[in-house]
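Sequence order for the protein chains is A and S. Residue numbers for the first sequence follow UniProt numbering, beginning at 1 and rising by one. Residue numbers for the second sequence follow UniProt numbering, beginning at 1 and rising by one.
If you are wondering where the hints come from, they were derived from the structure by calculation, not from laboratory data. Since the model is a prediction, treat every value here as computed from it, not as a measurement. Backbone N, C-alpha and C fix where the C-beta goes; we use that ideal spot for every residue, glycine too. Among the hints, erroneous ones may be present.
List of simulated lysine to aspartate or glutamate pairs, EDC-like, C-alpha gap at most 20 Å [to be verified]: (1) A:K133 - A:D193; (2) S:K120 - S:D146; (3) A:K133 - A:D67; (4) A:K182 - A:D221; (5) S:K231 - S:D197; (6) S:K57 - S:E214; (7) S:K17 - A:D118; (8) S:K183 - S:D40; (9) S:K57 - A:D193; (10) S:K231 - A:D63; (11) S:K120 - S:E181; (12) S:K120 - S:D83; (13) S:K57 - S:D40; (14) A:K182 - A:D38; (15) S:K231 - A:D221; (16) S:K231 - A:D220; (17) A:K133 - A:E174; (18) S:K231 - A:E223.
Per the computed footprint, the stretches of chain S lying under chain A, defined by three or more beta-carbons under 8 Å from a beta-carbon of chain A, are [as the list claims (entries may be wrong)]: (19) 50-57; (20) 217-225.
Here is what each chain is made of, one letter per residue.
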Amino acid sequence: MIVASLFVLYLFNNLLTATASSQPVELGTTLVALRYRDGVIVGADSRTSVGSYVSHRAAQKLDTIGDYCIMARSGSAADTQALAVAANQHFQARSYGGCPPTVSQIAHWLRQKTYGKDKSVSLILAGYDPIEKRNCLFSIAQTGALLAHTEPFVAAGSGSSLIMGFLDHACSRELDESEAIKLCVTALKLAMDRDGSSGGLCRLAVITSEGTRQLTFLPDDIETTLKIR
Amino acid sequence: MGTLMASTEASVEATSKPIEHRFSPYDFNGGTVAAVAGPDYVVVAADTRLSSGYEIKSRHVTKLHALTNQCILASAGCKTDVDQLRSVLDIRGKMYQHNHRKPMQTPSVAQMLSVTLYGKRFFPYYAFNVLAGMDAAGVGAVYSYDAIGSFERTGYSAAGSGQAYVIPFLDNVIGNRNRLEEKPVLAAQEVVELLKDAFLSAGERDIYTGDQVEIMVVTKDGIQTQTFALKAD
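So here's chain S without its partners, still in its complex pose (with noise of 0.2 Å):
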C-alpha cells in the first residue's frame, strides 16, 4: 500500500524510534470484481485499473480469466499472484481433460481451486477470488473463496477493494435483503445493468476502482462479453 508524500511525524520522532526495513513480497494492485448467478446464466464483473500505491500503473488489465468455456475466475489482489494462480489452474485442467477426455465440470473447478489455495497455506497467493460458471444441472454457480482457499457457494458475490461497497447493494437488489416485495426473478440484462451500477458506485468512493468495467455473460452456449466506460479519476 502506498504511503503519501510526506510522513506525518515531526524531525523529532525520526531520531526516536527504530525503524525497520522489510521486503515485502505483496502487492496490492486493487480493483474490484463481483459475480451473480442466475437460473441459467451467470454473469461476472470486474473493473480494468491495475494500480500500485497512489498510481495508475493500466487501465486497461483484465481481471477475468475462462478456465473453461462454461467457467471463470475472477480475481482481485497481487496481480504477479494471480497470474501464476491462474497459470497453475490452467495448467490441471488440461491435465483433467487429458486424463478424462473432457473439460473440468465448474464444481470440480471450484473444489481444485480451493486445494491449489491451501497447498500455499504458509506463503498464501495474494489473490482474492470469485469463481462464476455453469453448473452440471445447468444452473447458474458463484464460488465465493478467501485467500487461503476456503469456500462457498453463493448466489452472488464481490471481492476486492470495492467489495465492501458492493456487496450491500447485491444484498438489496439480488438477495432482496431489507425488501418488502417478492423477490423477482430476474434475466442476465437487467443483472448486467445492475451490476453497471454497483461498479459506477464503487468506482466513485473506491481510488482502486474505476477506468471500464468488463461484464460476460455464461450461458449453456457460451461465454459473452462486453465493456462499460467508468470515471478515469
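For reference, chain A alone in the conformation it holds in the complex (with noise of 0.2 Å):
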C-alpha cells in the first residue's frame, strides 16, 4: 500500500520535472496550401514551442526554394531549418547551369533527404513549374512518403487535422485570389485556435507564373498586411 503510494508520488514528480532541455524545439504548427484560379497560395502559422513555452511566436515557416517554389515546413524546427538551407545550397549551384529547379525535383531531393533518417520532418512543396507551365502541390510526411497531390488543397502539422472537413467544404470551386486568401487565413485561424502548438500570425507566400510574393496577417484582420519579417 505505502509502495503505490509512493509510486503514485513518483508520477506526479515526473509531470513536474520536464525541463526545457528534454524537450526539443518543435513547429508544432498549421500548414494549408490550395490552389486558385492564377497560381497556388500557401500558408503557416507562426508558433514555435518548446513544450508549452512559445519560444517564437512570429516565426517564419516558409522558405523560398528557387524564383518559382516555396517549402513549408513542420516537425522540428532544428531539422527543417537545416534542411531549407542544404536546399537552398543545393539548387542554387544547380541553376547556374541554367536551368531553373521544378518543384517536383526538389520535392524529391527533399525526401531522399529524409526518408529513413531519424529526423522529424513534415513539409508542403508549393509552386510553379517554369517548364511544364503548371501549379505543383507535393507534400512529404513524417514516414518520408511523398505525394503529388491533383487535389485543390494540402494541409499539414498538427493542427491540420481540425480543418480539413472545413477545407473540404470550402474548396469545392475555384478561387480568385482575395478568396484564396481569405480561405487560407480562415482555415488557419480556425486551426490556431484548438491547436495549442499553432498561433500567432499567419504567413503567407502567393505564387503564380510570375514568381512568388510574401504577406503576413493578423488571423482577425486581413484588410492590413503587416511588415514584420
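Hints in hand, dock the two standalone chains.
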C-alpha cells in the first residue's frame, strides 16, 4: 500500500520535472496550401514551441527555394531549418547551369534527405513549374512518403486534422486571389484557435507564373498586410 | 502532457527498447492564476482555458472559487483534483460555520487548506493554489502553496503553467525589484490593469493560457468580478 502511494508520488514528480532541456524545439504548426485560379497560395501559422513555452511567436515557416517554389516546414525546427539551407545551397548551384529547378525535382531531392533518417520533418512544397507551366503541390510526411497532390488543397502539421472537413467544404469551387487569401487565413485561424501548438500570425506566400510574393496577416485582420520579417 | 502526432524515433528503435504502459491518475489541464494584496483590497485573476494535451477542452471554465465572501481560492493543475479539493474545503468550511456561528477568517482558511493538502501527502491533489482574502485586520492577504501543503503569506503570487512569465513581472511592478524609484501605493484598479498586462504577456508565450481572464477584487464589502478577453490561439 505504501509502495503504491510512493509510486504515485513518483508519477506526479515526473510531470513536474519535465525541463526545457528534455524537450525539442518543435514547429507544432498548421500548414495549408490551396490552388486558385492564377496559381497556388501556401500559408502557415507562426508559433514555435518548446513544450508549453512559445519560444518564437512570429516565426517564418515558409522558405523560398528558387524563384517559383515555397517550402512550408513543420516538425523539428532544427531539422527543417537545416533542410531549407541545404536545399537552397544545392538548387542555387544547380541553377547556374541555366535550368531552374522544378518543384518536383526539389520535392524528390528533399524526400531523399529525409526518408529513413532519424529526423522529424513534415513539409509542403508548393510552386509553379516553369517548364511544364503548371502549378504543383507536393507533401512529404513524417514517414518520408512523397505525394503529388492533384486535389485543390493540402494541409499538414498538428493543426491540419482540425480543418480538413472545413477545407473539403470550402474548396468545392475555383477561387480568385482575394477569396483564396481569405480562405487560407480563415483555415489557419480555425486551426490556431484549437491546436495548442499553432498560433500567432498568418504567414502566406502567393506563387504564380510571375514568381512568389510573401504576405503577413493578423488572423483577425486581413485588410492590413503587416511587414513583420 | 500530450505528445506530438508522431514520435521522433525511427522504426529501428521501436523494437530495441521495452515500452512500458502505465495508467497515470493525473492530467495537466493548464492555466495560470495570480493574486496581489493591497492595503485594503486583494485582486485575484485567472484565465478561463481548460486544456488537455494540445487540445482545448473549454474556453470558459473558472479557476476561482469563493470559499467565503472575503476569501477566494485560485487553483491551477488537474481540474478533477481542484474540484474535489474545493468540495472538501467547502464542507469543512460549512462545518466550521455551524460549530462557531461565524464564517472562517482568511488566516484560518489558509491553515485549513495546508492541512487538507498534507492529508494527501502520499497521493497528492495535483492542485497549485493561491489563496487570497481579507485578513482579520482588514488588510489584503495572499498565500502561496505547493501541492502538498507548504504555504507562506506573500504580497503577491502566481501559479500554474504561466507562473514563470507572471512572477518576474510582478516582482518588478509590485515588489519594486530592480527599480530605483520609491515603491508606489497602488489602487485596486491600477492592480487590475497590471494583471491584465501580465496575462496578455503570459497568453502570448504559454500555450495553455488564453481565451479570457476572470478578475475578482475583494474588499471588506465583498467580491466584485470582471472579465477581460485574451487571444484564442
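Okay, the hints, checked on the actual structure:
no. : hint            : verdict
1   : A:K133 - A:D193 : 37 Å, violated
2   : S:K120 - S:D146 : 13 Å, holds
3   : A:K133 - A:D67  : 14 Å, holds
4   : A:K182 - A:D221 : 10 Å, holds
5   : S:K231 - S:D197 : 13 Å, holds
6   : S:K57 - S:E214  : 18 Å, holds
7   : S:K17 - A:D118  : 16 Å, holds
8   : S:K183 - S:D40  : 17 Å, holds
9   : S:K57 - A:D193  : 12 Å, holds
10  : S:K231 - A:D63  : 27 Å, violated
11  : S:K120 - S:E181 : 45 Å, violated
12  : S:K120 - S:D83  : 15 Å, holds
13  : S:K57 - S:D40   : 37 Å, violated
14  : A:K182 - A:D38  : 15 Å, holds
15  : S:K231 - A:D221 : 13 Å, holds
16  : S:K231 - A:D220 : 10 Å, holds
17  : A:K133 - A:E174 : 19 Å, holds
18  : S:K231 - A:E223 : 19 Å, holds
19  : 50-57           : holds (count 5)
20  : 217-225         : violated (count 0)
Going through the hint list in order, the structure does not satisfy hints 1, 10, 11, 13, 20.
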